[in-house]
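*Asks:* Listed in order, the protein sequences are those of chains A, B, C and D.
Quick note: our numbering has the first sequence finishing at residue 498, numbered continuously throughout.
Quick note: our numbering has the second sequence finishing at residue 498, numbered continuously throughout.
Quick note: our numbering has the third sequence finishing at residue 498, numbered continuously throughout.
Quick note: our numbering has the fourth sequence finishing at residue 498, numbered continuously throughout.
Treat the hints with care, since some could be wrong.
Said to hold, decoys possible - Here are the simulated SDA-like cross-link-like pairs (lysine to any residue), alpha carbons at most 25 Å apart as the crow flies:
| hint | chain 1 | residue 1 | chain 2 | residue 2 |
| --- | --- | --- | --- | --- |
| 1 | B | Lys140 | B | Asp15 |
| 2 | A | Lys321 | C | Glu320 |
| 3 | B | Lys163 | A | Glu418 |
| 4 | A | Lys412 | B | Lys163 |
To be verified - Derived DEER-like restraints, expressed as beta-carbon distance ranges:
| hint | chain 1 | residue 1 | chain 2 | residue 2 | range |
| --- | --- | --- | --- | --- | --- |
| 5 | C | Asn77 | B | Tyr54 | 27 to 37 Å |
| 6 | C | Ser158 | A | Gly281 | 24 to 34 Å |
| 7 | B | Glu478 | D | Asp411 | 23 to 33 Å |
| 8 | B | Glu239 | A | Glu27 | 34 to 44 Å |
| 9 | D | Leu159 | B | Glu86 | 53 to 63 Å |
| 10 | B | Glu86 | C | Pro355 | 21 to 31 Å |
| 11 | B | Arg25 | A | Asp411 | 31 to 41 Å |
| 12 | C | Asp463 | D | Thr460 | 49 to 59 Å |
| 13 | B | Tyr54 | C | Glu122 | 30 to 40 Å |
Calculated from the structure, these hints are not laboratory results.
Idealized CB from N, CA, C, for every residue including glycine.
Protein chains: 4
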Amino acid sequence: MAIKTPEQYLESLRDGRVVWLQGKRVEDVTRHPHLRTCAEGCVMDYFFRQDPKYRSLLLEQDEKGEFYDFVFKPAENAEDLLRRREIIQLMARTCFGMPAGAKFTGIDALHSLTAVCRRMDEELGTSYAPRVEAFREICKQNDPAVAVAMTDVKGDRSLRPSKQKPHQDYYVRIVDETKEGIVVSGAKAHISLSPLCNEMIVLNCRAMKEDDKDYAVAFVVQPSTKGLTFIAPQPEPVEEGNYFDYPLTGHRYGADALVIFDNVFVPMDRVFLKGEWQFAGPFAYMFANFHRVSADAYKVAELDIMVGAAALMAEYNGLEKVPHVQDKLSWLVWYAETTEALGRAACQNCLTDLPSGMAYPNPMISNAAKFFYADNFHQALKLILDIAGGITVTIPSSKDYFNPETRHLLDKYLGGKEGVPAEHRIRAINLVRDIAGTAHQVTTIHAEGSLSAQRLSFFTLADFDRYKVAAKRVAGIEDGKEHPLYSSLPKFPALTWD
Amino acid sequence: MAIKTPEQYLESLRDGRVVWLQGKRVEDVTRHPHLRTCAEGCVMDYFFRQDPKYRSLLLEQDEKGEFYDFVFKPAENAEDLLRRREIIQLMARTCFGMPAGAKFTGIDALHSLTAVCRRMDEELGTSYAPRVEAFREICKQNDPAVAVAMTDVKGDRSLRPSKQKPHQDYYVRIVDETKEGIVVSGAKAHISLSPLCNEMIVLNCRAMKEDDKDYAVAFVVQPSTKGLTFIAPQPEPVEEGNYFDYPLTGHRYGADALVIFDNVFVPMDRVFLKGEWQFAGPFAYMFANFHRVSADAYKVAELDIMVGAAALMAEYNGLEKVPHVQDKLSWLVWYAETTEALGRAACQNCLTDLPSGMAYPNPMISNAAKFFYADNFHQALKLILDIAGGITVTIPSSKDYFNPETRHLLDKYLGGKEGVPAEHRIRAINLVRDIAGTAHQVTTIHAEGSLSAQRLSFFTLADFDRYKVAAKRVAGIEDGKEHPLYSSLPKFPALTWD
Amino acid sequence: MAIKTPEQYLESLRDGRVVWLQGKRVEDVTRHPHLRTCAEGCVMDYFFRQDPKYRSLLLEQDEKGEFYDFVFKPAENAEDLLRRREIIQLMARTCFGMPAGAKFTGIDALHSLTAVCRRMDEELGTSYAPRVEAFREICKQNDPAVAVAMTDVKGDRSLRPSKQKPHQDYYVRIVDETKEGIVVSGAKAHISLSPLCNEMIVLNCRAMKEDDKDYAVAFVVQPSTKGLTFIAPQPEPVEEGNYFDYPLTGHRYGADALVIFDNVFVPMDRVFLKGEWQFAGPFAYMFANFHRVSADAYKVAELDIMVGAAALMAEYNGLEKVPHVQDKLSWLVWYAETTEALGRAACQNCLTDLPSGMAYPNPMISNAAKFFYADNFHQALKLILDIAGGITVTIPSSKDYFNPETRHLLDKYLGGKEGVPAEHRIRAINLVRDIAGTAHQVTTIHAEGSLSAQRLSFFTLADFDRYKVAAKRVAGIEDGKEHPLYSSLPKFPALTWD
Amino acid sequence: MAIKTPEQYLESLRDGRVVWLQGKRVEDVTRHPHLRTCAEGCVMDYFFRQDPKYRSLLLEQDEKGEFYDFVFKPAENAEDLLRRREIIQLMARTCFGMPAGAKFTGIDALHSLTAVCRRMDEELGTSYAPRVEAFREICKQNDPAVAVAMTDVKGDRSLRPSKQKPHQDYYVRIVDETKEGIVVSGAKAHISLSPLCNEMIVLNCRAMKEDDKDYAVAFVVQPSTKGLTFIAPQPEPVEEGNYFDYPLTGHRYGADALVIFDNVFVPMDRVFLKGEWQFAGPFAYMFANFHRVSADAYKVAELDIMVGAAALMAEYNGLEKVPHVQDKLSWLVWYAETTEALGRAACQNCLTDLPSGMAYPNPMISNAAKFFYADNFHQALKLILDIAGGITVTIPSSKDYFNPETRHLLDKYLGGKEGVPAEHRIRAINLVRDIAGTAHQVTTIHAEGSLSAQRLSFFTLADFDRYKVAAKRVAGIEDGKEHPLYSSLPKFPALTWD
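The whole structure should be built from the sequences, with the hints applied where relevant.
*Replies:* Set out below in structure tokens:
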């Protein structure tokens, strides 16, 4: 098969999976009004792949000449990472700035498995890497939608997995093991696209200590597996199909489900970590390297829309020439373009994982990129709303606009700059309101790792010796410590004055 | 009558006013699901006034011993301003942080009229002040809900009222005048509570130049007047009465209508400005002095809820002892308490308008207070969402929670710190999501004047001579300019060393 | 004597105290080029008190009609605190924004002793309060310059006093005790004005635990006491008396000495804490309440100069009408005026210490004020330097300006706006450079408590119950907890719809 | 000759140039205590080029096999730009973070001339490009120190060059012209290294309009030319050779002179712009592209020292494990590494100037990089000083430290974490104080273009059409405008639901 059609993909989702949403069991995830909204983004993957125009970007050929999805290929160099970035941005630009496509998160997990299992096998003598490769082959063949389940529900955040109370299932764990496989229980939260995937890779979300050993577990599972329950989140409460009032949120439903594992059996060839607690951290770390860069890629498409919305409002309100508005737009441009530059830089300055030969995004830069845009996001919102004005939340409904008894009033009074139809201005206003909603803010901060996670990464990745040696060299502190970048430098000043 | 009962107030709204909402003409504003939500806040005014416990705070007695609402009394000193502040906070604390009550905005306009008309009469020989006093007496007698209509729809923001195209009605203006009164046309935007008021004071929203003379107009009008149309804003799209999922937005509807004046006749005794363009600015300025302080007062109640939501999430997630969480909570406390201190300070350091004898909030401090909380609001949201976590937008619906088939799963897996019921944590999560919505952000920035309006006030109010003389004194620049605060000081150093 | 003359004050400093500065023992602190600079600020106290014009502000009369310095009087109400504030600002405005006068820091310590010793005596049955009163009487009589020594040198900041290594003297401690008195050793850092004081109050800088008991010690000592050594800090390396190039730093030397106690004997009647470790914290806390407000008071005078310097540069560079420059000036005005408003608010909303009857600044607001200006200071510097331009650090020396061979070139080419003499512009530039120096930054952040100290105060002082109850009320969380401000409120909505 | 030795370079500066400093004419710029400090950085260029270890990085060979300095080669691709970056960083890391070397600024001007003159010749039919190439050949041969004189003294910033009063020389202009050459007058401010260069390229600092034609002038001139006067800036007032107290400022003197042109004659073959006012803007713009990236390169070396100083203070104070200190260090690491990533990205994503074939840094990213580090610099200072503590400005002089009578006291009491010699801690403290000085702040903001210049660049370079089309696509606004990145995308959602 190799490349699925949209229809094949949708058909594949009708498999009896247990999905709850707003208190009801979902019969068919492809026909539910909210899950369908999510499916519209997932299906783009298959849709694009049908179009010859995108073939060279999206597809690769295996030795037999069979096409398969490029994203299943392990990245070998910066070009591969930049190509992946281009694919994500194609999807996101098409899908109104959202991280769309059916494999967005899963691929980053697959790459993490590839790199870390190889290293683990080398160090511990395990043999997980061949299992990962076997799974990768399946992916190339079956072209599945792949999700990743990382974040455990966590319970009390101040306690490690094995110390939780009153129960031990706040993190997914191995509750039983046979020769054939393992049995797991627990729950993962906000698992994007999971009700619409074919394969769900389950990974640790944090480093573990030895007594958390049962929680050091990674595997892949299919949504219809017995014991799996998906509870999809409360959707934005917008009227179905009302894209005039809700141009963005009307299309946005991430289906970031709560996924509950109730004694789920996983056959051994689908298990990639089983108690090797020392490698729980590396899985999470390597996933983050890939995923923060993926996040940065789609974010750029979102920022195009945000900067554009602000620029439109400035234009429509007749404020384009006002200096403080130009200042704000300049800042927004800087914000968007710096996000793009940093995301690219993380790819351009990629590192290579030695055992596996995989290229992975520069960890410092990928974290720096994520932190940059997440930390500044609320500032961006403030400026956009400042430009847009109070009307953003006092705009009448489209039902008033399309009511002949009031339309002429709105056309007359909600105009802005001469020549701009009131309808355009109203649509732009609705877009701004939609941009500033809670969902946007929370995913910016928390999806792909919170601000604290990035700060921790900076601290961990920092070459403090380098910084310190640089400072000591100036301060005249001689304590015998060296750093290659500084210790080979000549003395300064080099000149001896007579 | 003097003090209306809640029932009398509601009854008074059934007067045939023309109100549109989501494409339908509203029959009875007190029974419409959304306008009713707004009425719930307005009616608190009348509700509290029935309770003897609040009488000493809320009521005054006139010479005849008749009780009337304290807010109709012109402030004479800091105590009066602080008492008004206490009333606003009582309402806001009761009504979930909202600027509630039936007179919230109108009173600030009435005070502005009182101060400015007196000055105008003195300077121009007009006789508006007695009309204002007459209207005030009516207020004391009839106890009306009073709104204020300030912000014109404005069209192209770079053009003054008389320069707008393609029509001249982007700002409310006098289109005709007879001995009996004036006729006005135009539209005002986001007029809070207006569909639920008894009297609507209409004021200029900006200073005018001579050729904008027709736009220099202030008056009071009743909602059922012929030619008036209210188009109420698109409500937050929340399910009616679902306060579990929408604890805040479920209660929040400001009814900030677009108010259209189509050849509305206003009798002369209800007109307070008619072409005296020089005083358009002072009306707006004096209103802002009062209204920014009113805003600051209710904001404090809102911030209590916001800081509390963050503190609850920290507690429920087991993060109370984590240093960076404590740091964030500390900042939030500082933010809330500084807002309170500055609002009080604007009252405590009030000024007196000489002609009228009215006390009004210190303009520099009232603007400083508004700017402080509005400029920092997005930072506050960032911190709150950071503490609350991604679950804020992936939380399942209450319908899943109250479904026996899934409730046990949510009770088990959405728990946090031991001992906290999952329901409490879910409710807190929903509160956080509601806090961060667009409406909150926009009203914080734009209601009661945008950030730019405050910046402009600082520049205008600044005693630059004082600053410059202070600097010149140090820099040794002698250019003959003086300032009382500095010019009387002794030379420094005073000491002459031998 | 009661009120010293400037000459008497200077004479009193010639007492053999051991002061080192730049490697040399200082013979006479009143004639040393750097210490003299500091003395110029201290002496203003005595200078002003000679001037009848300031008598009503500065002096009080005791029962015998004898005048004494008002600052020695314990504050009884807001007016007293505001008067103290006015005095600090008079000094600071005179002395180029510096916290001048001979008692600036000491008074805050005396007030802290007054309040806390009374409470301690009540709780522990000690009898320190009478000793404090006796010392206060001495002050009223002798009119001494009073410094306070708070900050210990601290060694390893992660260890408590008694855990330090390799020696135990990183915090001042009691090393011996007899019936007559105690013997102390250790060192205190950056003790402002100490080489120029007559009395130095020594206080704990932090809370203590029981095993730090020996470090819980407070007393007063005179600078010439045996065993005391002062090492004054490295002065700003400016040319003596060159006030053209260094208009601010040429006058600024805080003499913030390192004070070393080498087995210093303190007679028992001068000891105010001796091992009562539970009260070490309250001393530091109450001192901070007073001192942060004192800091805020002089800061306002400094900010006048800073805003003025920016406004002058904008004027001299011809940039006054440029919108982004006006925006920056507006922000600076806001920054200065909010600092003033918050400082006043801390006094206006003061609290009363019950045992002693003393009024003390509102702790939340005094910390909020300090945090506000310290946290924003670097933003202010950025804006000022942005307006001033690169010339700030490339300006030629005054020696070039006063050299006839180059003066005409500088007069021609360093002009700005027409009509402004180049000399004025050059002087303003030098002022800006001086403002942005390291000293200014560090004292803003660290003097009177670091940003972290304020954050900790917010956390400690916060009424988290209030915030949480406010949030729970909205979220519908019922856990039986109450708060007076919220629990008495009526239910919302109060209205029952049929 | 091709590659000068350090001695040859120094000798070449003894040519009678007119340099004033602190009121005195400088006899020999290589022996003056302050200018010598600057020369120590310049000479490193020649010093490094003597060392075979650095040959492959620093030198190129021409067709005849003759070595010449790589920096004189026009960049052809990203690798060349990255190599230039590596050279700047080598110098800066060696020279304590400073933009050292003898050609730092000049090269960016030479590259700008190369690109723009080619385009100008094509468009206007002038023949400047060959002159530039001839000058480049001279550079390859003579290996001169090259400065650039950009910033005019500007007078009233609100007026264009030809509108200045009371004289017309606030911008350098052509005052006369003959067949042999032009005569120029005026003055340029803060011309780094200029008193120590061999060739000074003079360029417009801004775009011009037609009536500013006489001010549209570019040329190269040697410092000893008749009519040229250099007035070097007031040095930091530190004691000569005292590197203990002033580890950074003791080495830092940029010699950013005021350069006065009094009827200076420039032969025609050294003139590169003469009245073609349309190209004044492009010169400045292209220079900025190169120079902002050069700035970013050396800044990284400076940030190593700054982050290192903070990290050392955290270590020495025993604060390494304190969470809020780790948070601050994390932010500083992010700040430094993002600056590095953005600077590299500007090179990696370079553009090509078509007529000349030169590679030049990506303008959006080079501005983004500069803005990023300049806008955040004061935040960095705040954090560093916060970590370092108040001792930064109250530390005793090294003269006290090296005085045997006080050294033991300082060794005992200024210790921090056990095992760290007090001397190390004192040295680190002095480094921090030096880092936070005014010079550092001002050059960060203003050197290589102010924050406003970058904001303007963002606005000018922004592809607003792209942003707007992205927003319109979501908002459903159809106004016929297209953008290649968006207009080719398929409709979303692509799926048609039955």
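*Asks:* Does each hint fit the structure? Answer for all of them.
*Replies:* Outcome of the hint check:
Between lysine 140 of chain B and aspartate 15 of chain B the alpha-carbon distance is near 21 Å, which keeps this suggested pair within the 25 Å criterion. Taking the CA atoms of lysine 321 of chain A and glutamate 320 of chain C, the gap is near 19 Å; set against the 25 Å cutoff, the hint holds. Among the hinted pairs, lysine 163 of chain B with glutamate 418 of chain A is consistent with the structure: their alpha-carbon atoms are about 11 Å apart, no more than 25 Å. A distance of roughly 16 Å separates the Cα atoms of lysine 412 of chain A and lysine 163 of chain B; the hinted pair therefore holds under the 25 Å criterion.
About 29 Å separates the C-beta atoms of asparagine 77 of chain C and tyrosine 54 of chain B, a value consistent with the hinted range of 27 to 37 Å. Under the hint 24 to 34 Å, the C-beta atoms of serine 158 of chain C and glycine 281 of chain A, about 26 Å apart, fit the expected range. Separated by about 49 Å at the C-beta atoms, glutamate 478 of chain B and aspartate 411 of chain D break the suggested range of 23 to 33 Å. Separated by about 22 Å at the C-beta atoms, glutamate 239 of chain B and glutamate 27 of chain A break the suggested range of 34 to 44 Å.
At about 54 Å, the CB distance of leucine 159 of chain D to glutamate 86 of chain B agrees with the hint of 53 to 63 Å. With their beta carbons about 30 Å apart, glutamate 86 of chain B and proline 355 of chain C fall inside the hinted range of 21 to 31 Å. Here the CB-CB span from arginine 25 of chain B to aspartate 411 of chain A is close to 19 Å, at odds with the stated 31 to 41 Å. For the pair aspartate 463 of chain C and threonine 460 of chain D, the supplied restraint of 49 to 59 Å holds, since their beta-carbon distance comes to about 51 Å.
A beta carbon spacing of about 39 Å between tyrosine 54 of chain B and glutamate 122 of chain C agrees with the range 30 to 40 Å that was offered as a hint.
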